[in-house]
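Chain by chain, the residues:
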Amino acid sequence: DTAVSQTPKYLVTQMGNDKSIKCEQNLGHDTMYWYKQDSKKFLKIMFSYNNKELIINETVPNRFSPKSPDKAHLNLHINSLELGDSAVYFCASSRDKFYEQYFGPGTRLTVT
Amino acid sequence: EDQVTQSPEALRLQEGESSSLNCSYTVSGLRGLFWYRQDPGKGPEFLFTLYSAGEEKEKERLKATLTKKESFLHITAPKPEDSATYLCAVQAASSGNTGKLIFGQGTTLQVKP
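Respectively, the protein sequence lines represent chains Y and P. Per our numbering, the very first residue in the first sequence carries number 145; after that it's consecutive. Per our numbering, the very first residue in the second sequence carries number 357; after that it's consecutive.
So here's chain Y without its partners, still in its complex pose:
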């Protein structure tokens, strides 16, 4: 019973391509997040949706666009991929905005 799942696990692509990462949670949570973890393991929030409403939109290039079709799903679309986008992207969810967050297994994105 995977609580927060992400696909794909690994993504290798060339500069300039467009790619998407999908996230699903089966915990019945209201809030979902996207994080980026760089090579130094530093975890930084990118976006958050609460009840399908965007509530956190950090300073992220507008090539990154989140989409929440329903409360259980949050996808991340990235246009015109750049070398610097290489990182591990984590999806997370929480019961509500102020509760502990549960993370997915991550998607390792490599841009060549």
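No false leads were mixed into what you were given.
Restricting the straight-line Cα-Cα distance to at most 25 Å, the calculated cross-link-like pairs of lysine-lysine (DSS-like) are:
| no. | chain 1 | residue 1 | chain 2 | residue 2 |
| --- | --- | --- | --- | --- |
| 1 | Y | K184 | Y | K166 |
| 2 | P | K398 | Y | K188 |
| 3 | P | K419 | P | K398 |
| 4 | Y | K180 | P | K398 |
| 5 | P | K468 | Y | K185 |
| 6 | Y | K211 | P | K398 |
| 7 | Y | K163 | P | K398 |
| 8 | P | K425 | P | K413 |
| 9 | Y | K185 | Y | K153 |
| 10 | P | K398 | Y | K184 |
| 11 | Y | K180 | Y | K166 |
| 12 | Y | K163 | Y | K153 |
| 13 | P | K398 | P | K413 |
| 14 | P | K425 | Y | K188 |
| 15 | P | K398 | Y | K215 |
| 16 | Y | K153 | P | K398 |
| 17 | Y | K185 | P | K435 |
| 18 | P | K419 | P | K435 |
| 19 | Y | K153 | Y | K166 |
| 20 | P | K419 | Y | K185 |
| 21 | Y | K185 | P | K398 |
| 22 | Y | K188 | P | K424 |
| 23 | P | K468 | Y | K184 |
| 24 | Y | K188 | Y | K153 |
| 25 | P | K468 | P | K398 |
| 26 | P | K424 | P | K413 |
| 27 | Y | K163 | Y | K211 |
| 28 | P | K425 | Y | K185 |
| 29 | P | K435 | P | K468 |
| 30 | Y | K215 | Y | K166 |
| 31 | P | K398 | Y | K166 |
What follows is a set of in silico ranges between Cβ atoms, one per label pair, in the way DEER data are often shown:
| no. | chain 1 | residue 1 | chain 2 | residue 2 | range |
| --- | --- | --- | --- | --- | --- |
| 32 | P | P469 | Y | K196 | 46 to 56 Å |
| 33 | Y | D162 | P | P396 | 21 to 31 Å |
| 34 | Y | D240 | P | S450 | 14 to 24 Å |
No lab work stands behind these hints, which were simulated from the structure alone. Backbone N, C-alpha and C fix where the C-beta goes; we use that ideal spot for every residue, glycine too.
On the provided structure of chain Y, position chain P as indicated by the hints.
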């Protein structure tokens, strides 16, 4: 600016050798402090939430404590399976109604048998 700093960056212990990890924070109003464990190639796993100074929480060999400026994660008689990166994160009042977490850079713990 809200900030979270963890120390040490890396810690090597012998099995059974107790120690503590530190998380110092500078925030304008603490809403909550969270500890996570992250194994290589996996997502962070939630351990504890602390809300006010003096609060303590325990789970097996781990005990988390909180003061007005820092939190400690005490590891008693660690085993090799406790090897992981431990992440600290805070929710600050300055983040308004978003619940945004600010993470520290983590402490990588290695426990040798």
